[in-house]
Each structure stands twice: as structure tokens, then as C-alpha cells.
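S.K.: The lines below spell out each chain.
Protein chains: 2
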Amino acid sequence: MTSEPPAGIRQILDDARASGRTLLDPASARAICQAYGIALPGDGLATSADEAAALAAGFGGPVVLKIVSEDIAHKTDAGGVLAGLADEAAVRAGYETVLANAKQYRPDARIDGVLVQQMAPAGLEVIVGAVTDPSFGKIVAFGIGGVLVEVLSDVTFRLAPVSDADARSMLGSIKAAKLLDGVRGGAAVNRDALAAVVRAVGRIVSDFPEISEMDLNPVIATADGAIAVDARIAVDFTPRAAHRRPPHDEIVTAMNRIMKPAAVAVIGASAEAGKIGNSVMKNLVNGGYEGKIFPVHPKAESIEGIRAYPSVKAIEDEIDMAVFAIPAALVPGALRECGEKGIPGAVLIPSGFAETGNVEAQEEIKRIGEELGIRLMGPNIYGFYYTHSNLCATFCTAYTVRGQVALSSQSGGIGMAIVGFSRSAGMGVSAIVGLGNKSDIDEDDLLAFFEQDDNTQVIAQHFEDLKDGRAFAEVARRVSRTKPIIALKAGRTSAGARAASSHTGALAGNDRVYDDILKSAGVIRAYALRDMLEYARALPALPTPKGENVVIITGAGGSGVLLSDACVDNGLTLMQMPPDLDAAFRQFIPPFGAAGNPVDITGGEPPSTYRNTIQLALEDDRIHSVILGYWHTIITPPMVFAELVVSVVEEMKARDIHKPVVASLAGDSEVEEAAEFLYRHDIPAYPYTTETPVQVLAAKYRWARGAGLT
Amino acid sequence: MTSEPPAGIRQILDDARASGRTLLDPASARAICQAYGIALPGDGLATSADEAAALAAGFGGPVVLKIVSEDIAHKTDAGGVLAGLADEAAVRAGYETVLANAKQYRPDARIDGVLVQQMAPAGLEVIVGAVTDPSFGKIVAFGIGGVLVEVLSDVTFRLAPVSDADARSMLGSIKAAKLLDGVRGGAAVNRDALAAVVRAVGRIVSDFPEISEMDLNPVIATADGAIAVDARIAVDFTPRAAHRRPPHDEIVTAMNRIMKPAAVAVIGASAEAGKIGNSVMKNLVNGGYEGKIFPVHPKAESIEGIRAYPSVKAIEDEIDMAVFAIPAALVPGALRECGEKGIPGAVLIPSGFAETGNVEAQEEIKRIGEELGIRLMGPNIYGFYYTHSNLCATFCTAYTVRGQVALSSQSGGIGMAIVGFSRSAGMGVSAIVGLGNKSDIDEDDLLAFFEQDDNTQVIAQHFEDLKDGRAFAEVARRVSRTKPIIALKAGRTSAGARAASSHTGALAGNDRVYDDILKSAGVIRAYALRDMLEYARALPALPTPKGENVVIITGAGGSGVLLSDACVDNGLTLMQMPPDLDAAFRQFIPPFGAAGNPVDITGGEPPSTYRNTIQLALEDDRIHSVILGYWHTIITPPMVFAELVVSVVEEMKARDIHKPVVASLAGDSEVEEAAEFLYRHDIPAYPYTTETPVQVLAAKYRWARGAGLT
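Chains A and B supply the protein sequences, listed in that same order. For the first sequence, numbering that gives the first Met the number 0 assigns the number 709 to the last residue and increments by one with no breaks. For the second sequence, numbering that gives the first Met the number 0 assigns the number 709 to the last residue and increments by one with no breaks.
Derived by calculation from the structure, the hints in this document are not laboratory data. Being a predicted model, the structure only gives us computed values, none of them experimental. Backbone N, C-alpha and C define an ideal beta-carbon position, used for all residues, glycine too. Hints are supplied without guarantee of correctness; some may be wrong.
Some residues of chain B that are not near chain A, with every Cβ distance over 10 angstroms (derived) [claimed, not checked]: (1) P61; (2) E336; (3) D514.
On the chain A side, residues computed to face chain B include the following (Cβ under 10 angstroms) [claimed, not checked]: (4) A119; (5) L532; (6) Y687.
According to the in silico footprint, chain B covers these stretches of chain A (three or more CB under 8 angstroms from chain B) [said to hold, decoys possible]: (7) 415-422; (8) 455-461.
Construct the complete structure from the given sequences, taking the supplied hints into account.
M.R.: See the structure below:
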């Protein structure tokens, strides 16, 4: 790894800028590639057969000869091109032939000489490139050439620069990755060489941000190496505004005061029911907020029984955060007062900013916030909840059931769905946050806060765009090592992105870019709202699996089949049952129960069969996770099953055995009560579905693998 | 289309059988292909330059010359092969060269002449083949050659013989279908010619069932035609037992007596609570079964207050169906008595047959059934429900909520999940049927019954295998034209299939075969248990859409984005909003509401805005389906929204406007009540998910498209 960019490239780019180029000439592109160690076919100008032979010998392998003359436009017509010259004699003879043909074609042509070009070896055609993404900045692409990229869009992306591990993961991330291992008995390509090309491209665009786009297409990958046959480099010298990003410590300090304030001002507090400023007050008071509340109202003496102030400036106490419940037009003035008062955070509920086309108003408050050192949440949000201090800084309904998962949403509707789902499922949360127009505080600010918030162990975020995808990926990569991050990226499809763009004015890129970069940052992606909610609910309940071996224990063979399908769909590994373990399970199940995995205990079994087999699965170190398929019978009714499962799991916990256990319940509607009971005891359980329990377990696995824990 | 197989092929196959071949020699394979009009490269033996030139002229295009001599094993070493001879002079010269080289190589060689072979033109390499599937019989495969088939398994299947429409649909069913339209500016291939090759392969394997496998690989497809470069034909003369299948009328007559019996015998009826024979009796009595019940018990006088008989033979009345609740060992004897009594159907609840490895016992009852003309349901089942006569012929809990959807399951666990989900969701059903080991009655028997059952409008079936996939596909293709069929095929993945195979002993094939054949039979495939249940619940409620134009109306922009994503994921078309319609919607929404589709009415709107925009969408003929995204607000609370939606939809129905309307509800837990209210009024509505409403609408579309209605 060079840390200093190679010399000479600055000059090439300065020349390109001076001449107004947007695409570098081939020689310049070539020079840049070579400076970063990317192999290209050799070439050189020969003015004699001797020189031609020497050049060819230097390259090795066959060469192409091409006449070089400004007077001969169509070289091929002139007999000025000869390909496939493999030995010295052929090169020498070819040199004379090309020259003679050219002279015969146009006797008066001024001839500079003959270009000797190394021919690319036969091998696998791949594409390595880089583009500048509006959200992620420089990103590197890799794909197999030809129809796979063109017709099937089989390509993968990573942030530039690319580490060696990431470069290698790219080679394995395309659908046709098998081709790299050799086709039809051919040799595998040299992955070291290919990974080196990917890294070099990442370094080029990182070292020189004015390189906006780059294509090595094709790169010929062989068992020996990788050679870029064609290099194309585009440049863009337009300066880009850097995204403002305070230092990490400042972010954390401010976010702690905003999210866990000791004192809150409500600007626009109101005594009038139905008004937002009244709902906010009621939620703070009735929610049982543990800090001090300071209503701000031009005239009122008190609101909801609490002394009111005409302005934040009239409050003597230190204020950590102000909730705004005033019309958009009044926000700038009130914000300036917050600045004067030294309030570090504003929660801007009002709408009427960029989402209604009023971009200027949003720019104005953004400027004020930057100027006066106030972090802004919103505008155009429902506010936020932080349950561990009973804080409901929102005009929506109060919610204070404590748990370990923090959720955020860009959209208010999705925020309300989070509240409704949580209440209905009894899902404890640490926080629910609305980000709305994201004039300032965004997803990565929240990540930085939740990272160091002991009340939060899992983070789930809905967003339509990332204003600074690079910052998000960097923070997420660090945070996801210790706390799972679930992302629901809306606007995945072009239709969805169109809707997103009309909604927020945000740009949506190729969804594959998000997919790859979120994954490489260790983020668990949810592709559906309901999936995000189910993952958010289940992940805090599930211990981290210690390995990949999953075992299904089922009373319903039919559920076992569907659970197996779901395991494969979701990338889980059904353990190959070792003979001794198989024999151990067989001790407990009827002789016609199915061998292997799923362990099919069959339908008519008493509670003891469930208990024995589950205990065995939890006790055996080779098994890392357990999926239960319950079948409602008279001999083992739903609640009996649920209680025995909880009891055996608790016994194991007391013996320090912690494994993820999930359950699918097939039966009459009594199974719903059993599922709730199980879930209350940290065993995610679901009636009438064989997919959801597997999906949530798989989400935990995706996280654990990304964090290097499984 | 020839109806008579070409002459000569029978002789080729007889010769192959006589010589014990399993793979036909190339000349025979060639002859069969040519007899069915499949073009192959021309070839012929020349013994003079004149003959060689004449052959080459006859083929057109370049040829290869190959020396033919038993004494020259390595033709190439002998200089005995010359390729790419494009004109008469080259062919004549080449003939002499090849001959001279051979004579020089081995002067004493006996030379038969020179083989003149047409060279395949440059074009797109595709694969056309056929295999014999254990469930579907002869099936035809099509794929693009090279890495697409080998690495990405990009291949599609249909039942043989293949109609012209099916052959053309195959060309469009592969992921890389775009390649057929020409690559990098190249010409499109001739689809007529390619479809003709696919049809010919389908006819070959259909006409000659002993042809077990066939490969044309590659077929070169060009703008002019399609030419099979290599043909491989495998044969298998082992006779196959035909699957027993009664004539359609017999099936319907028997199934009607079984499913809608006027009189039912319960063999093994019991007065002892907890016994299966008691549960069945109670369910029949308490469920309110409208027909006559005849308990059969060796000694009892009466059971559950109904006169009991020592044997079915002691009953004077005609009996339509007997439910068996006796141990497996007693089944054969009781079945013989049913035969003597003339009972046409037996519902075999007992287990202890093939599922426990007791294949012989199952073969025995199957033989008895065939011999005595009794159709068997099961064994190893929970029985069945037919709500429209309050018939609960099962030991599970009674369920008699009437509706239009019939469900069946191969597995008992899945059957119980169906009952539980139905009860919980208040889903009306016409029937729930357990098929278990499927010794006789299977999915296509049920399809034949439900097809003519006016109480059933939608059919949903869970299965792990299809004993006779071909019969199923044929019946399903007909039935699906009028009644949607939903199929949950378990054992999709190899892990799932392994579980399926340990469960039922059924063979599972490549899932893509099921996927393609079910789809071409008009069947809507569900890939998850919960999806099958949701489709079963929603489809009867949704009118058939009259066109592809879907419009989203949403109060939550964020829901709009996720709903759009879901539309694209599920193959729905978001209508491009015409300017006049856009303007019409804009009349009702705030100026900052989003244009186009989704129609974003924004969050703070009163009920009238929902009402006006929904009414407009229902009234405008260009819009065919409506997806609603509700956002819980104080100004339009959940039940207000639900009631206004129902009211406007009902008004439109009164004006004979019937369009599918589905809803996604984002909000606090009160939205659950609103969703239930909407669903009770035939508007499928779901809280906390933007995916399920779109999925069920898309399922209706998949059906309507398959049936040619949309």
C-alpha cells in the first residue's frame, strides 16, 4: 500500500483541467494505471524490424503490428494491421509487410513507424471500475464482462478505497463468482492479481477526487495475472461542498443532552386541547418524564400545571433541548433565542420546510443552527421517545414500554407504524426517533449516540436516502461490531425511488450500491417494513449464536419441511447430524420419527418428548441454534408446550447455556396465547407461519457473521 | 403439427433395444431429429473434389473437410482436417490437400473419402432438451448455452408436448431472455425457428416415451434459423406403471358423495372422551352436520345420543362416506365391509401406514379400494371440513365459518395452522381437507370437485409432492381459468426436499420445474405458509382487476415509497398518471402534495380528501386497482377512515363499479380495529405492513393474467 500518490499524475490532471477535458486521453489513462501497478498490454513504436522484434520479445506472447501515420486513417484497408504474430521471424516479416503495404497504399504518406502491441492473453473478461455516487462518494465496481454485466447486471460495489479483504469479498459477491474458479475444467484466475487491480482503482479515485469515473473494461483475468486491455478515466473538476460533520465527541455530547435531557423547553406549549403544543405538554407530563419541563408561551402563566415562560431566555435553569411546536415562520426567531440561551438541541416538529418545496426556509434554519451551535432534529417530524427517562417529546400518543431496541424513521407514517406495532406486540423500546427532513441530525448521529447508550442494544432505522452515505457506512461499520443495526431502505426500486424523490427531494441510486455497502458495513438490511419491525422485536431477545449449526425439532413433519425451506432461503445451515447425536435423539422419539435434521418427533408425542429433545439440543455443544415446530395436539396442548420450552430454556440459562431458540406454532387459535407467552420469555414464537421465526434467526446470524462473532 | 410419428423411428428404437443401448448412436439421433424437422449441419462423404464442391454448395456457407479412414486415428495430426473453407475453389483445393496429407502421413492407409461437414454459423448458443420427471413425465427444457445455464442455472421447463404459445413463452421465461433480441447491436434470433425446435423436441419425447432424455446442445440460433450442432438421445425401455386415474365423471360423482354426503358412518365411533372416534362424533354432532350420522361400534347401543351399529353392513340407509377412527390393523377388514355395503368413499384418519414405513399396509388398502370401488382419503389425516353442510369430519376442533375458499394440506400440522388462522382472522372457508399419505385421493381429485362446487370460488393447496404432476397440471390449467388456485409447494429447496422425503417418501425434483409448470398451468404459487393463508383470505374479497393500472393514494409519503417498492417487487404496474387525471387529483390535495403516482395527499388532511381522491380513482376507467396508504392522525382517525372507505366503495358497487381496493394502515394500535372493519367489508387491510396488501393484490393479478382476464 502506498500512502503517497505516485508522482506525475497531478501534472496529467492539471493539463486535463487546463485543456477543458472531461475524458483523459488514452496515454494519460494508461500512465495513471501503470503508476498504480495495474498491468496493461505492452506497446511501443518501432522504426525498424530490429526494434519491433525487441519490443515483442520484451512483452512476451503474440503481438499486433499497426502502421502509425497521420496520413493513413483506415489502417486496416491499407493492410497496415497484422495480428497474432507469435515469434521473432513473424514479427520481423510482419514489420516489413506492414510498411510495404502502407507505402503501396499511399506512396507519399509520412510514416512514423509501426506500433507493436502486446496481445491480451485468453482469459476471463471482467470489469473493474469506479464512479462517484451522490451519497457514498467514490465507489468501486466489479463484475464479470460480457452478458453477465450487461444483461443480468451482475455487479458488486464497495466504498473506495477498498481494503484487501473487501476486494476479495467483491470477487465472491457476484452471482457468477464460480466462473473465477475456472470454467469447463479451466484453471482458476489469480485472485491476488485481480484483487490488486480492484484495490488500485479504489486508491486512484480516492487519491484524486477529480477522477469522477473510471473503467477498466475488459480486464483479462488468467491463472497468471490480470491485465487491463482498455482504461477509460473521466474527470470532473467542479468543486464539491463537503458535508458538515462535527467531531465525534461533539456529536456524542450534544446527542446525549438532546436524547437524555435534564431539562426540556416546549416552545409553543399550549393549553388548548388538539393543538400540537398541548399534545407535547401532555405527553411529557403524563408520560412521566423524569426531568424538568419549561413551557414557553407568549402570555400563559402556566400550562398543564407547570409554570410557563414568555421566552426561553426568561428561564433561569440550563435547558438541554427545546421542542418546537410553532408555525414554520416563527422557527428562525425562536431558534436564535435558543442560541442566545445556549440550548444545544432543537426538536423541530413544524412542517412547511423542504417537504412543501420551501427549501429556503430550511436552509435558513440550518444556517442558524450551524452559526449558533444548535443541533437540529427535523423539521417535519413527530418528535422522539426515550423510554428510559419516560420522555415522550412528541405530539403522537405516549409510549413508555422500556426495552433495548432503538428505532428511527425518516417518515412520520412509518414512525406511527412503529408505535402501533410496539404497543400491539408489547415490544419494549429504548427510543423511537423521527428524522423527517434531516436538515442536520441524521442516521449516523443517532448511531453515534446509541453506540454509547447502555439502554440500547439493537438499532433499527428506516430511511429513504442517506445524505452522507459514506459517514453512515463508516459509523455503522464500527457500531455494528457491538450492536446490531437493522436498515429499512425505502425507495429500493425505481418506482419507489421516484416516490421517494417526490417526497423528500432525495436522490436514490442503484439499490445494489446500498445493498453491498450496507452489508459490508455489517448492517442487516430489511426489505419490508414488517421485517424491520419483526427483527427489531426479536434481535434483543436472541443470544448471539456461537456457530452455524441449526437444528429443527418438530412435531409436525409438514412444518419441518417448510422450516427447512425457510432455512435455505435465509442462508442458514441445517446441521448435518453426526451419528452419535442422531442416535441420542432417536432414544427419545418413536421408531418411525424421521432421522437427521429436522428431528421429527412425530405428532402424537407427550410433553416429555419435546422436553427431552430440546434439552439435548441445548446441551450438545455442536448445536448452536434451535428452531421448534410445534403441532397442536390434545396430548401436548399449546400452553403446556410453551411452559415446558420456557422451563427447559431457563434451566439451561442457569447452567450458562445460551442459544437462540425460535418457534413456529401450528394449531388452533390457542397457539396465539402460547406464542405470546414464549415471546415474553425471550423465545421469539409465531403462529401460522414457518417463515418469520427463521427470518429473525437469520437476521441475528447475518449480524453475528458481519461482526465476526459466529 | 404432425399427428402421426414419422416412419422409421420405431425401427431405430427397436434396434437400440435389441442391442441393449441406452444412448443412441449419433446417426440415429440425427435421423430422429431430421425426421421432426430439426435442422442439423449438413454432411456427406465425397470421393472426389467435384463431389466435395457439390456437397458444400448444397449446404451453403463454409465447410470443414475431414479425412475418413479407419487407418488414421488422429486425423488432425495427419493434416486430415481443414476448417473454414468458404468457396468452391477452397473446397476443391482443400479436398486435394487433405487427401495428399493423409497419403503422405500413412501411404498404405485405406481411404474411404473425405467428410464434408457444414460449419455451424456464428450465432447465439442455446440448449434445448427433454427429461423424464418422476412426477410430471416428459418435460422440455430451454436455456441459453454456456455459463448462463452452467453457472447460473438459467433454464425453463414445460410439459411435453409443448404448444406454440408455450414454446414462445419459454423463450421469454429465462433471465437472460434479452439476449434473444440481439447482443451489442446484433440481430435478434429467429424466434419462430427456435420455438419450432422446442416443439419438435416436445413431440419426439411424447411420441416415443422410451426416449428418456434428449439434449440438443448447442443449438445455434441466428437471425435466419436455428441449427442443432449436437444431438444426444438416451433411451430407457423399462416399462412404467401408469398412474391410476378414473374418468373425470367418476371422480366428480364420487367426490360429491364424499365431500357433500347425505349420510356418514363413523367406524370406530366412541363414547369415551379423548378418543379420536369420540372427537369425530362430537364434531359431527356439535358442528351441526345437516346429514345423517351412523356410529359404528362393536357393542355400543348409542353414541352421543345416536343409535350405533355393530358394522356398516347393519345400516339400512345408503351411506355416502365412512370416517375411519380405528387402528391401522383393522382398516382392511372395515374397508372390505364398506365395499360390501357399497360406500363410495373412506376418510382414513388412522396413521401407521407409509409414513411409519409400513408401505405394505398402505398398498393393501389401496388394492382393496381399487378392487371394491372405494375412493380413499388419507390415510394419516385429520379428516376434512365442508362448512356449507356444517360437516366437520375430523378429530380436530370444529370450524364452520362459511366462505368461498377451499384449502387442503398434505400435512396435519399445516391443516391445524389453517384452522387456527381462519378462526383468528374470521376467514370463511368452504372446505379444509387433509390429504396425508394420498394413497388415492389427491390434489387433482379435489380440484375436479371444487371446480363444480358453487360454494367454492378460490382453492388453496399445500403439498410436498404431486404423485401425478401431469394430471394436476392438466386439471389446474382448466380450473384456474375460472377459479384461482394457490399452491404452497413445500420442499422447494434441497434441504426442504430432504425433509419432505424423510416425511413422506416423496421424490422432490428441481424446484424450477414446479415453478414453471405450475405457472404455465395458471396456478398462483405461494412461497411461504403465511402467504398462502393471506392469499386464501384476500382473493375471494377482491374483484378481478380489468387492467394493469394500479394507483396508490396515501396520506403518508413514507408509506407511498414502501408501497411503490412493493409494487415493483410484486410485478404490479404503477400507472403513469395522465396530465388530466393528475390535475383532477390535484384539485383535492394541498399544493405541496406530490404529483403523479403515488397520489400523496399529505398527512394533515381531513376525511374528505381521502374520500374525494378514492372516489376519483374508482370512477376513472383508466385506473384498475387502488392501494391505500393510511396515516393515523387526529383529523382523520382510523375508524373514520375505515368507514369512509367502505362507504365510498359501497357507493361505487351500487353503480356497478368493482375494483380491487387494498389498504396499508400506519398508526397506533387503533388501526387494527380499522383494518378488521375494512376486511369485513371485502377490503383487505393490514396494519404495520406495506407489503402484504400489495402481495395479495399481486396474487389476484397473477391469477387474472394467467386466466387471460386482465
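S.K.: Each hint: holds or not?
M.R.: Hint check results:
no.	hint	verdict
1	P61	holds (20 angstroms)
2	E336	holds (27 angstroms)
3	D514	holds (13 angstroms)
4	A119	violated (18 angstroms)
5	L532	holds (6 angstroms)
6	Y687	holds (4 angstroms)
7	415-422	holds (count 6)
8	455-461	violated (count 1)
Hint violations for this structure: numbers 4 and 8, all remaining hints satisfied.
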